[in-house]
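For reference, the chains in residue letters:
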Amino acid sequence: MTQKHILDGYKIIDFTQYLAGPSATRLMAEMGADIVKVEVAPHGDPSRSFPFRANKRSAYFVQQNRGKKSLCLDVKNEKSKAVLTELIKQCDVLIENFAPGVIGRLGFDWETVHKLNPKLVMCSMSAFGQTGPLSHLPGFDYIAQAYAGVTSVIGEPDKPPSLPMLGIGDVTTGVHACGALGYALLDVHRTGEGQLLDISLLDCYFHQHEINVQAYSASKGKIVPRRSGSHHYAVAPTGIFQGPEGYIMILALLHQWPEMCKAMGREDMIKDPKFASNDARVENLQELIKVIEGWLQSFDTDEAAMAALQAVRVPVAPILTIPQAVAHPHHRQRGTIRKISDRMLGEFDIPGVPLRYSNFPDLLPLDAPFLGEQNREILGEWLGYSSEQIEAMESDGILINAQH
Amino acid sequence: MTRKHVLDGVKVLDFTHVLAGPTCTRLMVETGADVIKVEAAPVGDMVRFMPALKNGRSGYYIQQNRGKKAICLNLRDKRAQEIVHKLVKDVDVVVENFTPGVMKRLNIDYETLSAINPNLIMCSISAFGQQGELSNLPGFDYIAQAYAGVIDMIGEEDGPPYFPGLGMGDVSTGAHAYGAVTAALFHRERGGSGQHLDIALLDCLFHCHELNVQGYDGSGGELVPHRSGAHHFAVAPLGLFKGKEKYLVIIAIGAQWNNLLKVIGKEEFNDDPRFADNAGRTEHKQVLIDAIETWLASTESDDDAVRILQENHVPVAPVLSVPEAMAHPHLIERQTVRTVTDRAFGDVKVPGMPLRFSAFPDFPDLQAGFLGEHNSEVLSSVGYSESDIKTLLDDGVLADEPIPT
Chain A
1 MTQKHILDGY KIIDFTQYLA GPSATRLMAE MGADIVKVEV APHGDPSRSF PFRANKRSAY
61 FVQQNRGKKS LCLDVKNEKS KAVLTELIKQ CDVLIENFAP GVIGRLGFDW ETVHKLNPKL
121 VMCSMSAFGQ TGPLSHLPGF DYIAQAYAGV TSVIGEPDKP PSLPMLGIGD VTTGVHACGA
181 LGYALLDVHR TGEGQLLDIS LLDCYFHQHE INVQAYSASK GKIVPRRSGS HHYAVAPTGI
241 FQGPEGYIMI LALLHQWPEM CKAMGREDMI KDPKFASNDA RVENLQELIK VIEGWLQSFD
301 TDEAAMAALQ AVRVPVAPIL TIPQAVAHPH HRQRGTIRKI SDRMLGEFDI PGVPLRYSNF
361 PDLLPLDAPF LGEQNREILG EWLGYSSEQI EAMESDGILI NAQH
Chain B
1 MTRKHVLDGV KVLDFTHVLA GPTCTRLMVE TGADVIKVEA APVGDMVRFM PALKNGRSGY
61 YIQQNRGKKA ICLNLRDKRA QEIVHKLVKD VDVVVENFTP GVMKRLNIDY ETLSAINPNL
121 IMCSISAFGQ QGELSNLPGF DYIAQAYAGV IDMIGEEDGP PYFPGLGMGD VSTGAHAYGA
181 VTAALFHRER GGSGQHLDIA LLDCLFHCHE LNVQGYDGSG GELVPHRSGA HHFAVAPLGL
241 FKGKEKYLVI IAIGAQWNNL LKVIGKEEFN DDPRFADNAG RTEHKQVLID AIETWLASTE
301 SDDDAVRILQ ENHVPVAPVL SVPEAMAHPH LIERQTVRTV TDRAFGDVKV PGMPLRFSAF
361 PDFPDLQAGF LGEHNSEVLS SVGYSESDIK TLLDDGVLAD EPIPT
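Taken in order, these protein sequences are the chains called A and B.
Residue numbering for the first sequence follows our numbering, beginning at 1 and increasing consecutively.
Residue numbering for the second sequence follows our numbering, beginning at 1 and increasing consecutively.
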């Protein structure tokens, strides 16, 4: 038997909605798992209404939910609970991102599902975690970002902080969950024992402080992480510089700094005490920026300025807009950006799959489901319900479906 | 037999440095793998010189490298390459984040290593990936962020873009790599072969565009993602609002919209056609911002405003500074922030382990290696004698530093 991908044959019951949870199961769908997305009747995942929308279909929803089977039911109804109980017995993973406590009120807390299926791995994702004083609060990406001290380090020092305009926290938390689930499955394979994973946006955001936490702590408060506009507050030169045309990101750390001085024809700066060490460069940042931007202005184009830095292996990049990034030949050639086709929306671009396996170089053909599209398949083929039983649940409003 | 964690017994040879790669192997160590970190002689990982520095030791290095065994080799020397070839026979995973092409020049690329150990899983992490026109460029987190259209989305609409003050791209890419390695290990455990993984910062950062890419393309270019300061460009109300003392994040979408209107005493907005849907609320967001900030100004304090909004199930958060976050009781109770003790540095706070496994609730006690600390231990495990090791050290094939007592 050839395997279609790494998670071929694995069954996931997916209670997630919005972005963080669906990112985890989206990656698992891309790796070949069978995902039953349980959607709460009557409307299903709230992200079905998120922009961009056309033909009653959300491209946002499509991006996150391709390759999943949609089971839409009234989760509070006893007959639905019987369906979910049977499914949990068959599945390898249960994943959910309700506010803590909700999955228990639905009757599927860890103790219950662990008894139903001892091999099951359960992954609970939340804004603040399953424990701690904030755990009961509702939350989204930017809420956890603010509590993690992340928002406070973005923006000009004397102005309000600035929002990073993409769901970095949700997607990254989904990736953390995907990694944890993989290893927990590996553990089931070796021991036969399932376990519970508690993954939070707050933890995953906080996890990304590479300098701020240890530097504040270890310097006994001498280094205070803070937002500092277009340049790093503790490392220089590391920031966004005005080029002849647009903005250019430049990082010249350690050994790269002397190379950059040479490229600028300013070998004198290598030994100049004002610029000789990172601390000195941070202290004299404004002067440093003036020198670098003055040199950048001596070129006719950003491309020429970047080529001069690339020639001496100094990391440099143009600040691409989304339209420029999606048109970049490298991004296209690698599939960092890819075109998909949806039955209602037609063709459009989404980010590609960032996990690349040499044994499975091809991407699977996946479709995002209509609401409740696989109700009949899951109840009938997976669980053995008769057509009459399914029709009765449909007419009682327990099972819901729609053509979009 | 009790196992210390899920990856107990998994052996990793780690050629990574700086941040993205070390994050991946750090998560592997925290989950029980044996990691041998190979550092390039003579000075090792460049972050050994990154702040905060104390007693000749870097807090940056400690945070990323606790629990790894440190060996330090001059990989340009054939004898060092031989050591790697011997070590690779007995490892499950190789992780590296050199610029593409470097591993091949050092004679330790996937083709060479997988010929020695066909079951090997190798994970290559790079800024731009192993192929494509940018792939041979050096790069760091922020370089890939710029190419991924991330930096352009941060800042005021009419001002320069801002620099996000933390290594989100590197850590996220490390977590992506960790996920990919686990699935590859799992595949092998089920009878599959080893394989090579190609993980790029550019891919992982671009992967975080939940709205921008499909929104731009799906709308046929009508919706152009752009930076817009403290408020989202396409969703409202969603942004940073001026509170009595500081800024608060408030998000009210779906059912929370009605809860918010009740709190701020603007239930009439419900019948206002301007606010019938998200598109209308975004178009007229200034009216919403004014109404919300007027209400915030009428509260007693930010704490009071946060409490009222939380009681009414409106997602809200104070914008905490890093020191405030580190002192928050929730982060402390959960060990989202934790204190580790380094042999030379002493106590230092670092971010906690974000992956929590119920079968392994304890966080292992781990130490970051000194340069070349485990040279002898690792080399003797593949048959080098004490005098062989001394010769290699004298010849500069191995390097180390004194370990303070």
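These are computed hints drawn from the structure, not numbers from a lab.
Glycine is no exception: its CB is placed at the ideal position from the N, C-alpha and C atoms.
Hints may contain errors.
Taking lysine-lysine pairs in the DSS-like style, the calculated list, with each CA pair at most 25 Å apart, reads [what the hints assert, rightly or not]:
| hint | chain 1 | residue 1 | chain 2 | residue 2 |
| --- | --- | --- | --- | --- |
| 1 | A | Lys-159 | B | Lys-349 |
| 2 | B | Lys-54 | B | Lys-69 |
| 3 | A | Lys-271 | B | Lys-11 |
| 4 | B | Lys-69 | A | Lys-222 |
| 5 | A | Lys-119 | B | Lys-4 |
| 6 | B | Lys-69 | A | Lys-220 |
Now the in silico label distances, taken between C-beta atoms and shown as ranges [to be verified]:
| hint | chain 1 | residue 1 | chain 2 | residue 2 | range |
| --- | --- | --- | --- | --- | --- |
| 7 | A | Glu-287 | B | Asp-347 | 30 to 40 Å |
| 8 | A | Gly-246 | B | Gly-383 | 32 to 42 Å |
| 9 | A | His-136 | B | Asp-304 | 35 to 45 Å |
| 10 | A | Glu-287 | B | Leu-366 | 35 to 45 Å |
| 11 | B | Arg-343 | A | His-255 | 50 to 60 Å |
| 12 | A | Ser-395 | B | Glu-268 | 32 to 42 Å |
| 13 | A | Asp-300 | B | Glu-82 | 27 to 37 Å |
| 14 | B | Glu-333 | A | Asp-158 | 47 to 57 Å |
| 15 | B | Gly-56 | A | Pro-361 | 44 to 54 Å |
| 16 | B | Asp-290 | A | Lys-119 | 50 to 60 Å |
Tested hints:
no.	hint	in the structure
1	Lys-159(A) with Lys-349(B)	violated (29 Å)
2	Lys-54(B) with Lys-69(B)	holds (21 Å)
3	Lys-271(A) with Lys-11(B)	violated (44 Å)
4	Lys-69(B) with Lys-222(A)	violated (31 Å)
5	Lys-119(A) with Lys-4(B)	holds (19 Å)
6	Lys-69(B) with Lys-220(A)	violated (28 Å)
7	Glu-287(A) with Asp-347(B): 30 to 40 Å	holds (36 Å)
8	Gly-246(A) with Gly-383(B): 32 to 42 Å	violated (57 Å)
9	His-136(A) with Asp-304(B): 35 to 45 Å	violated (19 Å)
10	Glu-287(A) with Leu-366(B): 35 to 45 Å	holds (42 Å)
11	Arg-343(B) with His-255(A): 50 to 60 Å	violated (28 Å)
12	Ser-395(A) with Glu-268(B): 32 to 42 Å	holds (40 Å)
13	Asp-300(A) with Glu-82(B): 27 to 37 Å	violated (51 Å)
14	Glu-333(B) with Asp-158(A): 47 to 57 Å	violated (34 Å)
15	Gly-56(B) with Pro-361(A): 44 to 54 Å	holds (46 Å)
16	Asp-290(B) with Lys-119(A): 50 to 60 Å	holds (55 Å)
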